[in-house]
Amino acid sequence: MKRISISPPVAALMLAIILFLLSGLLPNGYGNDLNVARAQSLNILRLAVFLGVIAAGQTLVIISGFEGIDLSAGSIVTLTAIFTYVIVKGDDNKVLLALLVSLLVGAFIGLINGAGITFLKISPFVMTLGMSGVVTGAIIIANHGNVSGKVAPIMTRLIARPLSPRFPIPNALIIWFIFGFLMWLLLERTTFGKNLFAIGVNRVTAKLSGVNVTLMNLAAYSLAGALAGFGGFLVIGNTGVVLLQLGQPFLFPSIAAVAVGGTLLSGGKGSYWGTMAGAIVLTLLTSLLTTMQMPDSVRRMVLGGTLLILISIYGRQRALRQ
Amino acid sequence: MKQSRWDALTSRQPALFALILLVLSIVINFILQPNMFARETLNSNMRVFLPIILMAIGQAIVILGGGIDISVGGIVSIINTVLATRVGLDGSAERMWQFVFMSLLAGIFAGAINGFFIAYLRLQPIITTYATSFLYAGFALFILPNPGGGIPANIAALYRDSTPLNLPLAFYIIAILLLVWLYISSTRYGKFLYAVGGKPEAAYETAVPVTWIRFSTYVISGLMAALAGIAITMLSGSGNADIGNPMTLNSITAVVIGGNAMSGGVGGVVGPVMGAITLGIIQNIISFANINTWWETLVKATIIVMALAAPGAINLMRRRRS
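Protein sequence lines, in the order shown, are assigned to chains A and B.
Start counting the first sequence at 9; every next residue gets the next number (this note's numbering).
Start counting the second sequence at 849; every next residue gets the next number (this note's numbering).
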């Protein structure tokens, strides 16, 4: 059968645009008001940034193959958000320190994940699921009912606000573009990226061609943890409030964003552009269903149904007889 | 390469470690709670463990066949809300059994939806059942937006308090299911199941009906989830659309503690049943050990991670020594 030669990231992005245009026809949509339409689209893009960054780590471990997945991403987000909140305490000078701590804490948890997966041969799904429980337990103890802290003004300025009143592009979006470019460099223009795809396609051949599979695996999970940590830093900069369930709602959408973006969950094939497009589609869908004032039940069903249709279109695996 | 006796034993009996863990946890539980084997205590424990045990059996078969089913919690919720709203607190016994029968059909149908997308459309199991979990959970919420409803108390008592021959009802149900499994695993279907999970390409080439086997595992999982839904409804006696959600990941953990490989083809059903009981007993131990509530989640998660890591750690140490 001839495949339609449209790449998943482009398809996802086109879908997002069509969905957004259609949303204008809704009774409480933007209608004919272009300014409202622009504000709305920018807001949705801004919200997609957080999912997009958290899904970046997910993209890396999924590309690395061998059933790679990171179920601890959600709890890492919550943990580093709390760390950031407590360390910064409203002081602009401590923001960099908080960012560094977030990255390191995330990387450390990721490293433990990677060690369990590579040395103890625990399957990634279960290892990261167990780690998610441990981190959640740590969060409950660290939080102990309530934490005192505050987000620094500079974080709100850099993450939650637009660039300037006359040029209303959210700063978060600019951060995301730079981030996306760095991810592209990492995946497509470095040895690390090449090796990551290589171990995702076939670990044995990768090893025989001189790739240090153990080291790559450890690096992939550590980096994924660090990126989830960065996600936590961004999320708290946006919300400014600590919740025990801050990160968990991002977990499965982050996997879905990767899948919608055309990255194979079996590894070895994919891109971060796809994940970005996937994050936009998912955020758009969720916010559309919220604006349509659907009850929670219908919202969940529509989200599940759409996801099913999306992956049916291009998430199909190769037939065994091929 | 010469295999040591331990290696040979663990590769032939993947559930061996689960058995050791189960015995260990029973011993600890017995020390903390000396009346553990009294009829009442045993029954009240087993009736709480049974829903997860049932889900773990279905999950084990899906995982043996090389897949995973994240939608089981959603199916449990559907069954629970249907029984609680359609039978009602003052419904007749006849009506109850009628709906129990329909629940089983509903579970099979929900499983068939999963199986259709995964086996026939060749979608990736994780993301597909993730999408359908939204469909099912949303549908359950649609049936019963707020917790409430229920089933007649005398029918719930049948499940809660039946102890034929002084043994909990759950023992008989587990025994019957294990006998059925022992029979199935000796048939051609059982051999096919292991073949599909182990190496689908080779299975396909030797004329194993791979697609049909994959499809059937999800149907079985749906049926087992429906049984779990019936059990938990009779246990709680009331309806709640979110009741199944937290059970999904527990069922997967139980399967892995039971010695099954997440990649499929290795393990059985006896191990996962022991894994599910172990999980329940760990919860018991934690509540009896007077652990500070704040620490509960962390302690439980750490024990589970250690249980998951132990087989790998033992292997690693053995390899170092030799």
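One or more hints might be untrue.
Lysine to any residue pairs mimicking SDA-like chemistry, simulated, CA-CA at most 20 Å apart [what the hints assert, rightly or not]:
#	chain 1	residue 1	chain 2	residue 2
1	B	K1148	A	K158
2	B	K1047	A	P170
3	A	K158	A	N210
4	B	K1148	A	I120
5	A	K277	B	K1148
6	A	K277	A	I177
7	A	K102	B	L864
8	A	K129	B	A960
9	A	K129	B	R970
10	A	K129	B	I1162
11	B	K1047	A	N210
12	A	K97	A	I120
13	A	K158	A	L105
14	A	K215	B	L864
Hints are computed from structural coordinates only; laboratory data are not their basis.
Do the hints match the structure? See the list:
| no. | hint | verdict |
| --- | --- | --- |
| 1 | B:K1148 to A:K158 | 31 Å, violated |
| 2 | B:K1047 to A:P170 | 53 Å, violated |
| 3 | A:K158 to A:N210 | 47 Å, violated |
| 4 | B:K1148 to A:I120 | 18 Å, holds |
| 5 | A:K277 to B:K1148 | 37 Å, violated |
| 6 | A:K277 to A:I177 | 32 Å, violated |
| 7 | A:K102 to B:L864 | 52 Å, violated |
| 8 | A:K129 to B:A960 | 32 Å, violated |
| 9 | A:K129 to B:R970 | 27 Å, violated |
| 10 | A:K129 to B:I1162 | 11 Å, holds |
| 11 | B:K1047 to A:N210 | 15 Å, holds |
| 12 | A:K97 to A:I120 | 29 Å, violated |
| 13 | A:K158 to A:L105 | 14 Å, holds |
| 14 | A:K215 to B:L864 | 32 Å, violated |
Of the numbered hints listed earlier, those contradicted by the structure are 1, 2, 3, 5, 6, 7, 8, 9, 12 and 14.
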